[in-house]
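Residue numbers (this note's numbering), protein chains in the order written: chain A, 1 to 179; chain B, 1 to 400.
It should be emphasised that the hints constitute simulated quantities derived from the structure, not laboratory data.
We put the beta carbon where it would ideally sit given N, CA and C, even for glycine.
Do not rely on the hints blindly, as some may be mistaken.
To be verified - Have a look at the derived ranges for each label pair, beta carbon to beta carbon:
1. Ala159(B) / Asp67(A): 33 to 41 Å
2. Val371(B) / Asp67(A): 20 to 28 Å
3. Glu58(B) / Pro82(A): 21 to 29 Å
4. Trp49(A) / Phe392(B): 47 to 55 Å
To be verified - Derived lysine to aspartate or glutamate pairs resembling EDC-like cross-links, with alpha carbons at most 16 Å apart:
5. Lys78(A) / Asp127(B)
6. Lys68(A) / Glu130(B)
7. Lys24(A) / Glu151(A)
8. Lys204(B) / Asp188(B)
9. Lys50(A) / Asp188(B)
10. Lys116(B) / Asp67(A)
11. Lys116(B) / Glu64(A)
12. Lys314(B) / Glu388(B)
13. Lys59(A) / Asp269(B)
14. Lys59(A) / Glu113(B)
15. Lys59(A) / Glu207(B)
16. Lys384(B) / Glu151(A)
17. Lys314(B) / Asp367(B)
18. Lys245(B) / Glu207(B)
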Amino acid sequence: MSKLTIIAASFLLTSCALLGSRSKVHHRPGELRHVAVVITQDIVINDGWKEAEHLLFTKTLAEELMDKKLFRFTILNKRLPPYAFDDVSTSQLSEDLKGKYDAYLLCQPIAKRGNYKVALRLIQSDPSKMLIETSHSTAFGNSYWMPQPMEAVLIDATRGALDLLEHRMKPQTRNPRNQ
Amino acid sequence: MAHLPSFQARPLLLTVITLAVFVSISFQAKSQGKIYTPVNCGRIITEGLQSIQQLYAENNRSGIDSVLNEWERQCGPSEYTFRMRALLKLEDQSFSPTDFDLIQYHALFGYLEDEKFKELMDSVHDDPTELYRMYFVKPELHLGFTTFTKNIAKKILAARQYEPCSTESMLLHAYSGHLKEFFQTLKDASCNKIPSNYYRAQVKSIERKLLVDASLYTGIWIPFGKNKLLGNHPLIGFTFGVGTKRMTFDLAGEFRFLKSKSVYQVEYDGVLTDTDHFFGGYFGLEANYELKRSLRSRWYFLTGIGTEGFDAIKSDPDNDKKGVSIFVFNANAGVGWRTFSRDGTFGGVELRHNFARYKNKSGTNLDGNSVTLRLMFGILKNDKRRRELNYFERVTRYSL
């Protein structure tokens, strides 16, 4: 093996771990008193896993947000289709939320070949503007030496994205929970 | 070669074989007096949950026992049957702590998880009805039955005095919805009753799970004896191993590059030959022991043994010429520091003193030790362990 190959392989392997999480702060959020949590997800009738996915995703979101105490939140009983993740800020829902909530958190789980990517968008209601975007993909962001159950992968992806949101909202929280 | 049936004849053949197998199985089952009829556990559980409440109101204990026995015979024991049996025994004062086994402990945790889920969703979801339909098979029945058992537990608690640290008291607090009292006792280190012991054993067994420790590193190898003439060399390497709470054990390998600083001599085919070639390596077993820890970083002592060396003259396989390599035993020790991110990845620095004395027969004296400086990037984590601990921490928390 040439020296160049060794160096290139090492660089690629090192990069992988850095590619799992992404975030962007568009505007630093002010005080958020009450935030609506909106889930966008494939809705497939009579698909057992999709139902379980929704249940587990909602449960994990609720537990993590409760732990992090970033803001008071209410999970809305609305499941929007995946395309709403990009369009919701211009939709009727956005109009409906104005006045009721300071912001809304769009949450989307995407399954991909044994891994999950969870994307979050925190959007201010009035005037409507993107505050923070985060995403976490288990394909690059977690150390799975063996294939994991999809439930576990979804939990890890959700936590990864919310950890990053917490970090972006409260930079002082960089607590290594895994140790 | 045997003549195979034609393509058109195969469906008929398959039908005949399938029918023959089916008839054969049916005949065998009938001859043994067993005709398989699927058990409708959904119906049994639904009827069970309803009739138990009715029979309890009528004070018909033998009726409840029959329902529970039939339920468990047909569909196996469940959290509902464990809960009901435990409460009836507690009410009759016939409960013995030894009745509470590991299966019931897990069932109790399932019950607590359900309670926590409901409590959480009631507080943060604007309409959790749909979620309850997914989570509980029959939410109205489940919630109704839980209210019913909570009332029984509350009634027993009000009527009797139990030691706080007793299996009876813990179960009654859990089933009556006094979760704070239950979890306080469960986690109380001085309480050595069965549920607390199970809890501690389970947490300990999760904590014992090893972490994955892996890293890639770069750095520099600095000789400082007579081997100094080889010069400093950049290196690249990896570690892979396992970690416990305070220690890590790894296999490590590294390569050292660039030519030697000065020309040196080695014996090659019985002749002393000048060379400035250098391609070094190290392969070893390493262990770290944590000395100091803060929220995000750790200081540790490190040690290792292995082998290190370098190619002094390149081999030439085309002309069937062997090269010259010098390899020696390496023992090393030093200190390290790692800083961790929220997901268990880390960046770190390690400084180690290598005790390795190169023996170069009649060539240049290369005796001397060296220092290695590593800049590392890696992971020290176990996602499964984290999930399991997180689950326990969450379920046993006093409040939302």
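Comparing the hints with the structure gives:
1. Ala159(B) / Asp67(A): 33 to 41 Å: Cβ of Ala159(B) to Cβ of Asp67(A): about 38 Å, so the range 33 to 41 Å holds.
2. Val371(B) / Asp67(A): 20 to 28 Å: For Asp67(A) against Val371(B), whose Cβ atoms are near 44 Å apart, the range 20 to 28 Å is violated.
3. Glu58(B) / Pro82(A): 21 to 29 Å: violated (53 Å)
4. Trp49(A) / Phe392(B): 47 to 55 Å: Taking Cβ atoms as reference, Trp49(A) and Phe392(B) lie about 26 Å apart, which means the hint is violated.
5. Lys78(A) / Asp127(B): Distance of about 9 Å is within 16 Å: holds.
6. Lys68(A) / Glu130(B): violated (25 Å)
7. Lys24(A) / Glu151(A): Roughly 27 Å separates the two Cα atoms, so the pair is violated.
8. Lys204(B) / Asp188(B): holds (15 Å)
9. Lys50(A) / Asp188(B): violated (40 Å)
10. Lys116(B) / Asp67(A): holds (14 Å)
11. Lys116(B) / Glu64(A): With a Cα-Cα distance of about 14 Å, the restraint between Lys116(B) and Glu64(A) holds, given a limit of 16 Å.
12. Lys314(B) / Glu388(B): violated (52 Å)
13. Lys59(A) / Asp269(B): violated (72 Å)
14. Lys59(A) / Glu113(B): Satisfied, since the Cα-Cα distance of roughly 11 Å is no more than 16 Å.
15. Lys59(A) / Glu207(B): violated (24 Å)
16. Lys384(B) / Glu151(A): With a Cα-Cα distance of about 12 Å, the restraint between Lys384(B) and Glu151(A) holds, given a limit of 16 Å.
17. Lys314(B) / Asp367(B): Violated, at about 21 Å.
18. Lys245(B) / Glu207(B): Satisfied, since the Cα-Cα distance of roughly 8 Å is no more than 16 Å.
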